[in-house]
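Enquirer: Turn these sequences into a full structure, and let the hints steer you where they fit.
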Amino acid sequence: MAQSPASTPASSPAAEPSTGGISSKGLSAGSVGLLGATVIGISCIAPAYTLTASLGPTVAAVGTQMPGIFMVGFIPMLLVALGYRELNNAMPDAGTSFTWATRAFGPWLGWMGGWGLIVATVVVLSNLAGVAVDFFYLMLAQLFGNPDLADLAANVWINILTCLVFMVGACYVSYRGMETTKMVQYVLVAFQLLVLVWFSVAALLHFSNGTAFDALGFSIDWFNPFLTPSFSAFAAGVSLSIFIYWGWDVTLTMNEETKDPETTPGRAATLTVGIIFALYILVSVSALMFSGVGTGELGLGNEDIQGNVFAALAGPVMGPFAILMSLAVLSSSAASLQSTFVGPARTMLAMGHYKAFPNRFAAISPRFKSPGFATVMAGVVAWGFYAVMRVLSTDVLTDTILTLGIMICFYYGVTAFACVWFFRREVFGSARAFFLKLLAPLVGGVILAVIFATTLIDSTNPDYGSGSEIGGVGLVFILAIVLFVAGIVLMFIMRAVNPAFFQGKTLTKGVSREKA
Amino acid sequence: MTRVPNYVVAYEATPQGREALELGVAMARLTEAELRICLVLQRLGAAPAKIHAASSDFEVLLAKQAHEWLGTAAGWVPADVTATTHLLWADSTSEGLIQAAADLDSDRIVVGAARGGLFNRFTIGSVANALLHASPVPVALAPQGYSAPTQITRITCAIGTRPGWETLLDSVVALTEGLEVDLRFVTLVEVDAAREKQSPVAAGSSAHLDTVLAYYQRHAHSQGDISTEVGSGSSVEKAVEALDWRPDELAFVGSSRLAAPSTIFLGITAHRMLHALPVPLVVVPTSPARS
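Going line by line, the protein sequences match chains A and G.
1 is the number of the first residue of the first sequence in this note's numbering; add one for each residue after it.
517 is the number of the first residue of the second sequence in this note's numbering; add one for each residue after it.
To be clear, the hints were calculated from the coordinates, so they are not data collected in a lab.
It should be emphasised that the depicted structure is a prediction, and the values quoted were computed from it without experimental measurement.
The reader is advised that the hints may include incorrect statements.
The list that follows gives simulated cross-link-like pairs (lysine-lysine, DSSO-like), each with its CA atoms no further than 30 angstroms apart [stated by the list, open to error]:
#1 A/K182 - A/K259
#2 A/K509 - G/K754
#3 A/K259 - G/K580
#4 A/K505 - G/K580
#5 A/K182 - G/K580
Expert: Next up, the structure:
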């Protein structure tokens, strides 16, 4: 029998001599359909987690205008995501804000773009873990009918140690290179949607039976974002809305994985945002009608429950079925916790590889083929950040969410301007290019920049967020500044230690036209 | 035209990968085969996370690193053995290896089996374990700390009395054709320590070995010494330890009758053998379904 040469269709694991390139790419090509892509989109957004973390801070900022703010908050996200998609198509070999921003703006802003993403992740990881810890003890309390167990989460040291256990678990799963299977994703998403709708319907029933905590009659004005009391409040609300849609843009950039790259990503993105829109408005309206915006025990204005609203509301609203809400939030935050490790780890790996970070970050685990060192570092830093915040802040969840809003505005803004700058020579070529490569990202970027500046200035006020302060300055502002300054300092240290990246020797700047 | 046999080496840049390569070299020398050093990378999924985990950067860097690993591995192959390197993407490592064996028309998959086992013995890793339940070609398992001897001097074939042993024997016949290597046929017998040594079971085993020997001599054309032995002990592990093992020896064992036609399924006895075996083990699949 003669040996047959390895002829390999793109869909099978190809074997080829090492002299050639990669015959089939690493992505699971063409395996995701419309439903799958939509599930991935909703799964990224993790609505149960997102809502419990953001409802309180949003009401604190804009009161009853929450539904309206949730609607306008989507606009900058959409505009930036459109530009993002163009970048993704133009530079398919670059995966992160770091590589894009470096190609468009050169090493300095590129470095800060990567830093913004890493910092945002570290902050969201600590918030996710915090929510998971709260719900973990709440679920134990519900399970054993012993409310004292839920109070364990209030003990700082128990809380920090439980968070460490969760972080180590999530980090380990990512280090092993394991991913959530499709089936698990479907179940988690369906469960979250079901429980959130259940919660809303139960809250509305309480309202109509007259058993709501602080019944607030529905008003169409809630949908008018221009009734927001001040521009500062508006900016804070939009910044939070960006957080609640964060992750949606993933569907738009899923090209190769989808069965039909021409239509599937766009349809999935539309379907995802339709479902999320309906859900957010249903939940926010019903929560307002049940709880009101007062500062009473269950009022959405109560600072003690703001950071984790469902933990307080699920019991009174859903009665004995509140444990389902605990399960939904716990599973959604635990799944997000694990998957969120992947992004920053890969960004740090890329930064390590291009000499923008120390070499060790470029290490790939020979056994699990995952960015080993970078994953562990992400876990260590996120936990350290959480532990410090737990001690410093009176309401760690609210403060981290507000900081996060600022960070997301920053790195999305950088990406939006990167798009405009990168495509600057070809935007007048066609109406489509003008709209998608210039207008959309430019407007989106400008909105984000304004929101970023406004919230940053407002956060100097010690009353901002949880009211935690250091020396009369709001903790959220200090956090944001410390994180940015730390980035700039580290950047200069890296520049001094290994200038190759900053001299453009490892990753070069370019304009879209040069490629052709 | 004579076909040059080739073996897939399941490589990764770990001690286990190195051991697989060493065993590949030893077997390639024995049978004048070529090596296909394969490194399997897991296909990246669309990780659903708020942060873009776009895989493209990572994918390129991962492939680059993998090529470096393969380059190092190729450097370890001695001059008297021909080897090529291959980078593969698959949903799982074992799936990729089985596909590679099919694509490359390979005769065996060589894998480092050990994961933290004690005293140079086997503890089976997950990839090896997956192969041992699905591979359509023989799977060779390298024990921990294995390094290739200059020459394999003996092949031991562990033969059970149950139907199906001919398949294993045919495979050994094919391998040893024209080779100068000693052959040993053994059966393992569990005896109750309290009873006397020459139990009826052991006597039956000796008789069975004679049948095996007769079958082998009818079919084979190898040139080494042939011997038979019965290993007995209070357990399979003890029975394996009761036999002498050379460092430059290979062991062969067949698949369980539970296996689907033409695939491997490591039976319970063979599994327990592994725990006590100090030499590489080749597991042979069942014969194709008779139509």
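Enquirer: Evaluate each hint against the coordinates.
Expert: Right, here's what the structure says about each hint:
{"no.": "1", "hint": "A/K182 - A/K259", "in the structure": "15 angstroms, holds"}
{"no.": "2", "hint": "A/K509 - G/K754", "in the structure": "67 angstroms, violated"}
{"no.": "3", "hint": "A/K259 - G/K580", "in the structure": "27 angstroms, holds"}
{"no.": "4", "hint": "A/K505 - G/K580", "in the structure": "18 angstroms, holds"}
{"no.": "5", "hint": "A/K182 - G/K580", "in the structure": "28 angstroms, holds"}
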